[in-house]
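Colleague: What follows is each chain in one-letter form.
2 protein chains.
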Amino acid sequence: MDHSTSLLRLIFLALGAALVLLIVRSAFRLPRGIDTPTTSLFDDATAGSSCTRFAPWGCRQADRIKQEQKPKPEPPSHENDVPLHPLDPLTVTEINRARELLRAHPPFASSPSSMFVHSLALDEPDKPVVLSWRKGADPLPPRRAVAVVRFRGEAFVLAIDLASGAVTPLPAPASGYPTMTMDEQVSLCYAPFSDPAFNATVQRHGVRMSDVACLPISLGWYGPTEENRRLIKIQCFSAEGTANFYMRPIEGLTVLLDMDTREVIRISDRGGGIPIPPAANTDYRYARHMQEDVGGDQTTSRSEAGFQKVRAPSMEPGPSSGPGVELVDGHTVRWGGWEFHLKADARAGMVVSRARVQDPGTGAHREVLYKGMASELFVPYMDPTEAWYFKTYMDAGEYGFGLQAMPLVPLNDCPRHARYLDGVFVAADGRPYVREKMICVFERYAGEVAWRHSESPITGMDIRESRPKVTLVARMVASVANYDYIMDWEFQMDGLVRIKVGLSGILMVKGTAYSHLREARENEDTHGTLLSENVIGVIHDHYVTFRLDMDVDGADNNSFVRVEMARQETAPGESPRRSYLKATRHVARTEKDAQVRLKLYDPAEFHVVNPTKKTRVGNPVGYKLVPAGTAASLLDPEDPPQKRGAFTNNQIWVTPYNKSEEWAGGLFVYQSKGEDTLATWSERDRPIENKDLVLWYTLGFHHIPCQEDFPIMPTVSSSFDLKPVNFFESNPILKQRPTKEDDLPICSATAV
Amino acid sequence: MDHSTSLLRLIFLALGAALVLLIVRSAFRLPRGIDTPTTSLFDDATAGSSCTRFAPWGCRQADRIKQEQKPKPEPPSHENDVPLHPLDPLTVTEINRARELLRAHPPFASSPSSMFVHSLALDEPDKPVVLSWRKGADPLPPRRAVAVVRFRGEAFVLAIDLASGAVTPLPAPASGYPTMTMDEQVSLCYAPFSDPAFNATVQRHGVRMSDVACLPISLGWYGPTEENRRLIKIQCFSAEGTANFYMRPIEGLTVLLDMDTREVIRISDRGGGIPIPPAANTDYRYARHMQEDVGGDQTTSRSEAGFQKVRAPSMEPGPSSGPGVELVDGHTVRWGGWEFHLKADARAGMVVSRARVQDPGTGAHREVLYKGMASELFVPYMDPTEAWYFKTYMDAGEYGFGLQAMPLVPLNDCPRHARYLDGVFVAADGRPYVREKMICVFERYAGEVAWRHSESPITGMDIRESRPKVTLVARMVASVANYDYIMDWEFQMDGLVRIKVGLSGILMVKGTAYSHLREARENEDTHGTLLSENVIGVIHDHYVTFRLDMDVDGADNNSFVRVEMARQETAPGESPRRSYLKATRHVARTEKDAQVRLKLYDPAEFHVVNPTKKTRVGNPVGYKLVPAGTAASLLDPEDPPQKRGAFTNNQIWVTPYNKSEEWAGGLFVYQSKGEDTLATWSERDRPIENKDLVLWYTLGFHHIPCQEDFPIMPTVSSSFDLKPVNFFESNPILKQRPTKEDDLPICSATAV
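Chains A and B, in that order, are what the protein sequence lines are. To convert a position in the first sequence, counted from 1, into the working numbering, add 55. To convert a position in the second sequence, counted from 1, into the working numbering, add 55.
One should not assume that every hint holds.
What the hints assert, rightly or not - In silico SDA-like pairs for lysine to any residue, Cα to Cα no more than 25 Å straight-line:
id : chain 1 : residue 1 : chain 2 : residue 2
1  : B       : Lys669    : A       : Glu588
2  : A       : Lys654    : A       : Met620
3  : B       : Lys637    : B       : Gln650
4  : B       : Lys637    : A       : Val771
5  : A       : Lys654    : B       : Asn704
6  : A       : Lys669    : A       : Arg644
7  : A       : Lys746    : A       : Pro180
8  : B       : Lys555    : A       : Pro658
As the list claims (entries may be wrong) - Computed, partial: chain B to chain A, Cβ under 7 Å:
id : residue
9  : Ile541
10 : Val672
11 : Val780
Treat the hints as calculated values from the structure; they're not laboratory data. We put the CB at the ideal spot given by N, CA and C, even for glycine.
Looking at chain A on its own, in the form it has when it is part of the complex (with noise of 0.2 Å):
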């Protein structure tokens, strides 16, 4: 213990001197078996400059990879966050609470820095609990937490409450380990540079020690050969000359570790003939960009060629300008007839709850969802060979989607007007941090028109009626290694919600010897796309899968119908036309009648209503799922990946609500085999009607790689809707008032 305190010790130092330097990675160093990784308070704040054997490129590397300094501003800090809403998630002081109650709870007591936590978060209350607390009239609910701490060897799911202090030892699941802790995806990177046998590799590969830069790979599952230990492959880079190591693989190289001893088990070097593709072109700062002629050959300049030109407008002047989003108590948003709350989570990113909705005829907020997250990601490569196959990642599950959350980028991540919300997580030792910045909130106009209507000369009224469409965004982005994912929740004054997942960053890229195409065999399966010289785009895919528990119109008369239409053949002499569509309402009475496989010829709505409301002319309230561009998994059922990932064989499924199914890939995906996911809860086939209802969707990206892809990959993104279907009465825009002249801001251009 005492070496983490006087890493603490460095910290206060490092504020105090306001020379902040974001993450550097030698002070996540994790000495080889002993105590617990080290992290700070604030992740801007972490300092320390001592390189050891373990961190042998970071170091230098630091030097040159990190951005433009300047002082920055003191980061906030949240030791005296009070939780004000039931759903809050845990502050800085209950979570030093329960890290104290954990480590005198025994076993754990006898060696406490033998307990390495692997998620620390509320336990939120019971729903009912929840629905019926009311604000300043109401004391909050009980804080409790949940636990999963790993302790010599062993996985624990621990309920602790803050208040009496109980400790309380829930079932773990039989199969399957807990996510990664962030420290140990980061020290695990370094454990291989104590191997004389993995030094040799990489300089038979011609890279310097001090160039290599290594990944942490979750392997799946592939049969008993893996199982009953914590395993891990790390797979390494080389970043001479370029902060894009990821397209300079030393392919075929991999190192099977044992996440716990820290045991390099077995190298793979499967590479011999395959160079490291070049550093040239491959840098993408753009500090370094404009310093260096990356593209070598071009004789126009750059600033010719109109890129540099556009200029990023800000949309609107700033939040001193109009009402724009209230961001209440920290984590309730209010805007537009909107009110839910919003929170950081470890593992799902970004929560939202209890959305509700204002009826614009009573002024009532009705509820809509109670809890809407990315539950599980899946991300299959679709190379079956050796340094390959067993890429198919779980994002949340093995990584953390929420650990992965960088401090967004203001003016560029979110528009200058954006409020931005941080996380507190928790480190692998229970101590808390603060993720800054993690999540903004922001007004967003994208001149589009919610509604408008003209009347042509055919009937020579004299009506122009339009209404622009202002909208309010809650973004978070996830870095996982190489993929950024950018997170949105739209919520739009008609009651529309649209999820978005868009997927930028950096390729996952193979090596290969050929330059050229013309080198590959005829007909040869390259897995991918040759994207530059000796490099090539892995074709992959992406499935994130939501969970959304829909409490329309209240928590528990919910039923999901599908509208399906279908043509319908005339009758002979019925009419002229032989044919139209029909649409014929289903209510699904059980599980699987509601697991949905899309298709285009065999189109359909699905709805969840509740059938005890009734609009005035009698149709049942509710919400529809509108599912947009879209993909399926295409693997064989059976294979390992896709049992683990069978969570999206259907693009929809609908549960009853419980608790404890949060994640479609079990609570414990890594090296999981898929017994515990969604599509295993849903065989049970409950009933679903007139229930509280917890509904499913995944959206797929297949990705074949492109040269436009490197060496970055620009955002592509899709989306779906949760939209009203006779929630209303009628059309809440004719609520919207025009926009007129005097309603915008002032604005004087700067000089660009």
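Dock chain B against chain A, hints included.
Modeller: Same frame as chain A, but now just chain B:
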């Protein structure tokens, strides 16, 4: 002729007084069977207040229904426009010249007033001529026009050489009729009012004649009884107490008219017992809405409901703030590396030509798209009963998609800094008129991220790179009676073009005796949803078929490649994986090879490549078509409307370039039988490999109305992309500079 002359005089009087009324229907009145209708040069300036027996309600209503009046600036005169680019549309002067030539052309010269101009537009020069033309260096190629004229019941297609004055007949389609003129669309609505039987029927429905508003409805083609004469159906509504007469149908009343003789052929009245739905809650005008207590029962004040609180921000301060959009010579748009020609078209609405994108490596502009536009729309309603079966609109070929485009509403349809383009169209008498502010062009920042990457603590590199997404939008909105189609072409700096269709406006509804669902019989097929008392929203589809004349890096050497993704099982022992997704390229040899029906579980990418141009590492340069959410027609292929709309049988078609194949439903769509559609052309199965290709894509929507579509329908959008695929050597976004605080305008808020 004296009639129209006196009206023209009136118009200029009105202009002088700066008392400008937007289109007043009575000015479009067409006295039965004589002379041409009168239209003005400036659509905003049409004045006149005389009421006639053919405009029974327009004049009275006009007082109530016109927008807030204030003096407007004089609309732009286009009288002195000259063409500056080979693709520039006909100017006012050229239209007048063409008109004189047509009126002097035998046989029309015998009775020029019997000549009706249905279309008069630029006959674009042949592609090689346009491609080789250099601004400044070359004179404009000879200006030619093509006209579609009806004269004494016969349709003529004529080529007009504006320099020599030669008028040359071209072959006219064997079946179908040309697009209706705007003048007849307007005037035919009033035709039934001269029929005593019609008036009696309306009175039987309890509607005052002064409250009747009627619409001209194209009737498709349903067999030989409807051949050999131009027919139209008229249906009517009560405008009593609302501007939103669409919500008050006189259900079941259909008048069949001869379009040429204006004779009422048949009145069908099946609406016995169906009341006119009430006017309450239907008016959508903001001014009216705020005056009346529309909801009736709410007690909360509306200002508390939060809907008015939201201000639409301006997005950016204005064109002075930065380079923004360059609009050169009136029609050439330059922005962010893009250059393209943009124009209004009476039939297609908006046409994008010669879209070229700058290569960030060489600075050269490279060809992408020679011409892109909405070619046809198909909107079948799904009710086979007498008053509804025929509603299977083709909005471009029947009504003229550009003719229906009304002036955009500044600040609401387009942001403050938008630039506007006018359209110059031709009235039935051949005279030009100006459709002001028909297209807007603006730079868009929607708060999105073009590319970003952060390194997480896993690698410890202090990297936070992010580039906001700024795009350019060209927008037009066609108001085809009740529906408003928002058409966006959005250009990204990374070479992607997104084509987006938004549906807004008002539903076409059906009257019903029911005021509550419980009154319907069990499983009764109402063909839609009960939206309000006596109002059913009828199920319908929308299909928009785009013609995309791709010229990827040149016109003559393009091929269409399907990159098919399918499951590949591994051999036993090959891999711990059982399966992966394998991509296989298929070059389409002939048209049928390129007909695509999309399937989620049979996915593919759709590339147009130039096989003669390769990237450095050997990939053929290309653009891919990326569908997003869409819908497919389920009608029986042998159903008459589906035969006419057979161009929707596939989502994707590829044809060899053929100048005459521009309109997917045929040149003469009105009452056509489907003998001359994209589907029939493509039956010839012509070779399409390594040729000049045209790509066709159909975007579809199924619409089951819900109460949120009453009394107005919020915008629903879908889109597809044209996206570079191995077109660039690497990603153009590398050149984009991140935004800094200094880049942004200085704004101060005004009172809200």
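Colleague: Against the 25 Å threshold, does the CA-CA distance of lysine 746 of chain A and proline 180 of chain A hold or violate the hint?
Modeller: At roughly 19 Å apart (the allowed maximum being 25 Å), proline 180 of chain A and lysine 746 of chain A satisfy the hint.
Colleague: Are lysine 669 of chain B and glutamate 588 of chain A close enough, with their CA atoms no more than 25 Å apart?
Modeller: Holds, because 14 Å separates the two Cα atoms, which is no more than 25 Å.
Colleague: Could you grab the alpha-carbon distance between lysine 637 of chain B and glutamine 650 of chain B and see if it respects the 25 Å cut-off?
Modeller: Holds: lysine 637 of chain B and glutamine 650 of chain B sit about 22 Å apart, inside 25 Å.
Colleague: Valine 672 of chain B was flagged as interface toward chain A. Is the shortest Cβ-Cβ separation under 7 Å?
Modeller: 5 Å, holds
Colleague: Is lysine 555 of chain B within 25 Å of proline 658 of chain A, Cα to Cα?
Modeller: Holds, at roughly 21 Å.
Colleague: Are lysine 654 of chain A and asparagine 704 of chain B close enough, with their CA atoms no more than 25 Å apart?
Modeller: The given pair, whose Cα atoms are some 16 Å apart, holds under the 25 Å limit.
Colleague: Starting from lysine 654 of chain A, check that the Cα of methionine 620 of chain A is at most 25 Å away, please.
Modeller: Since the Cα atoms of lysine 654 of chain A and methionine 620 of chain A sit roughly 11 Å apart, the hinted pair holds (cutoff 25 Å).
Colleague: Quick check on the hint: valine 780 of chain B CB to chain A CB, less than 7 Å?
Modeller: 4 Å, holds
Colleague: Between lysine 669 of chain A and arginine 644 of chain A, is the straight-line Cα distance small enough, at 25 Å or below?
Modeller: Within the cut-off at roughly 20 Å; holds.
Colleague: Using 7 Å as the Cβ threshold, decide whether isoleucine 541 of chain B counts as touching chain A.
Modeller: It holds, given that the least Cβ distance between isoleucine 541 of chain B and chain A is near 6 Å, below 7 Å.
Colleague: Keeping to a limit of 25 Å between CA atoms, is the pair of lysine 637 of chain B and valine 771 of chain A held or broken?
Modeller: 21 Å, holds
Going down the numbered hints, you'll see the structure goes against none, and every one checks out.
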